[in-house]
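S.K.: What follows is each chain in one-letter form.
2 protein chains.
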Amino acid sequence: MRDFSTDHRWLSINTATVRRQHGTEVPLPEIIEACARHGIRAISPWRDQVAAAGLDNVARLVKAHGLELSGYCRGGMFPYADEAGMKAARDDNRRAVDEACALKAACLVLVVGSLPGALAGKAAHKDIQLARNQVTDAIGELLDYAGSMGMPLAIEPLHPMYAADRACINTLEQALDVCDELDPMRSGALGVAVDVYHVWWDPKLKAQIARAGKDRLLAFHVCDWLTPTADLLNDRGMMGDGVIEIPKIRRWAEAQGFTGYSEVEIFSTGNWWQRGTDEILSTCIERHRSAV
Amino acid sequence: MRDFSTDHRWLSINTATVRRQHGTEVPLPEIIEACARHGIRAISPWRDQVAAAGLDNVARLVKAHGLELSGYCRGGMFPYADEAGMKAARDDNRRAVDEACALKAACLVLVVGSLPGALAGKAAHKDIQLARNQVTDAIGELLDYAGSMGMPLAIEPLHPMYAADRACINTLEQALDVCDELDPMRSGALGVAVDVYHVWWDPKLKAQIARAGKDRLLAFHVCDWLTPTADLLNDRGMMGDGVIEIPKIRRWAEAQGFTGYSEVEIFSTGNWWQRGTDEILSTCIERHRSAV
Chain A
-2 MRDFSTDHRW LSINTATVRR QHGTEVPLPE IIEACARHGI RAISPWRDQV
48 AAAGLDNVAR LVKAHGLELS GYCRGGMFPY ADEAGMKAAR DDNRRAVDEA
98 CALKAACLVL VVGSLPGALA GKAAHKDIQL ARNQVTDAIG ELLDYAGSMG
148 MPLAIEPLHP MYAADRACIN TLEQALDVCD ELDPMRSGAL GVAVDVYHVW
198 WDPKLKAQIA RAGKDRLLAF HVCDWLTPTA DLLNDRGMMG DGVIEIPKIR
248 RWAEAQGFTG YSEVEIFSTG NWWQRGTDEI LSTCIERHRS AV
Chain B
-2 MRDFSTDHRW LSINTATVRR QHGTEVPLPE IIEACARHGI RAISPWRDQV
48 AAAGLDNVAR LVKAHGLELS GYCRGGMFPY ADEAGMKAAR DDNRRAVDEA
98 CALKAACLVL VVGSLPGALA GKAAHKDIQL ARNQVTDAIG ELLDYAGSMG
148 MPLAIEPLHP MYAADRACIN TLEQALDVCD ELDPMRSGAL GVAVDVYHVW
198 WDPKLKAQIA RAGKDRLLAF HVCDWLTPTA DLLNDRGMMG DGVIEIPKIR
248 RWAEAQGFTG YSEVEIFSTG NWWQRGTDEI LSTCIERHRS AV
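Protein chains in written order, with the numbering used here: chain A, -2 to 289; chain B, -2 to 289.
Everything labelled a hint here was simulated from the structure, so no lab data went into it. It should be emphasised that the depicted structure is a prediction, and the values quoted were computed from it without experimental measurement. Heads up, some of the hints might be wrong.
As the list makes no split between identical chains, a pair holds if one copy fits it or if it spans any two.
Here are the simulated DSS-like cross-link-like pairs (lysine-lysine), alpha carbons at most 30 Å apart as the crow flies [what the hints assert, rightly or not]:
#, residue 1, residue 2
1, 201, 245
2, 211, 119
3, 203, 119
4, 211, 201
Given the sequences, and given the hints that come with them, work out the whole structure.
M.R.: Right, dumping it as structure tokens:
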């Protein structure tokens, strides 16, 4: 396993980690400059942040600072209640691929969605199997487009507590079943994003990471699971502050040949989002060395 | 599948559903009398409620009202940080078996526990595999005792969001792996409690219910998953108010020959626990007929 203790060359910052300060949005260009100032070599920005700053502007800033994108957040939200919804999701995901290409991202991360309307509190139906079928079909279709553009798609299995509203792919095994179905030859165009927050609890995690193998391990995300966890979405912990055995999971991934970035993605309304960008980044660097 | 639409003879009330009113504890004898008044034939009480009311007293009341116990809540919390913790858990679980026998419960439900100390916010370690090994060993030991007393043990896989602090058995597949290991001959002494809240998201649920079969399906619990869910523990919904396809899951269980009670277990600080016992029970009866 790579030694992270002496530098942070394999640290990437998912820009959600520093996007809010005391309730105010921090513009992406500021985040990029802060990361560069801290010697951070990679980021993973969100589409709405990129849109607000302008795609060309962001591409220019990323290049000027010599940054890489460990991923681009995010495509997905595929399930639909009607034809118009299907078309809107397809078009939007193609645009996400285009943007990821413009930014030279390592992959487009897919948060696949689930019951249409559930995220707004009003599910159009309860048939999660239907949502899963729509997701598989939509990824298959997007794969043709993304493959032609050379942009790998990384399915991110989300914690089962998001199964109703954010993603109906909830285990690494399930994500890899989709990969096997859509890309049986392991072309490299389709794989998974392993976020320890979503998968740490899974008794089959080690076996499924081995099943994924190097060619399907496209991204590795870290944060920590706090006890207690105060909120289902926005109470993620800094690495080392919770109960996830992050180094053990990283070892499993690296045993398969994974050599990419360790991307920090923390949503934290009550704690980290109440602090300044420099403090958060300094802490990420320190914990990357000591707890990842 | 049994027709629940015309009566509620297969409704059981987990007494947690009505144990609090506006922050005040409702004594178990009051709950028992309310259930009897509503023509409910079965309950599943909690150990602390039984202790507060007195085991003999509760046994007498249950008998006087002709109630059955669809289960007894709960044994488990097996993982330990030291020898004393191991012994305390073992002794306490044997007492739980004794109480379940005194009350003639259909099974003792096991919420198996996870990282020692995590429920109090201070995990003694992060090694969930160690906790899982301790759980399997402890169930194996308890099985000898419970088997000799004729009390079936029902492992309840808990939602993965409780993996750190409440239960390190998080899928039906994992629970059945433990059953296979400890009771390969399917003696009937060890099985599972399927609570739709904990397992509804699982893409392998149908297959694992079939794997369980009639002899391992010892209990069936219902409530609903709300969108949004405001709290990890105490924001469970009334059947029909959320996104779980409860009848579909019940059909899968009954296709295996399950003929037991449908036990309503709702923890709801913000909604149901702010209402009166009669209103809650009436709603449970109505939803049992229309949404289960």
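S.K.: A separate judgement is required for each hint: does it hold in the structure or not?
M.R.: Checked hints:
no. : hint      : result
1   : 201 - 245 : both (14 Å within a copy, 26 Å between copies)
2   : 211 - 119 : neither (39 Å within a copy, 35 Å between copies)
3   : 203 - 119 : between (36 Å within a copy, 26 Å between copies)
4   : 211 - 201 : both (18 Å within a copy, 26 Å between copies)
Of the numbered hints stated above, the single one contradicted by the structure is hint 2.
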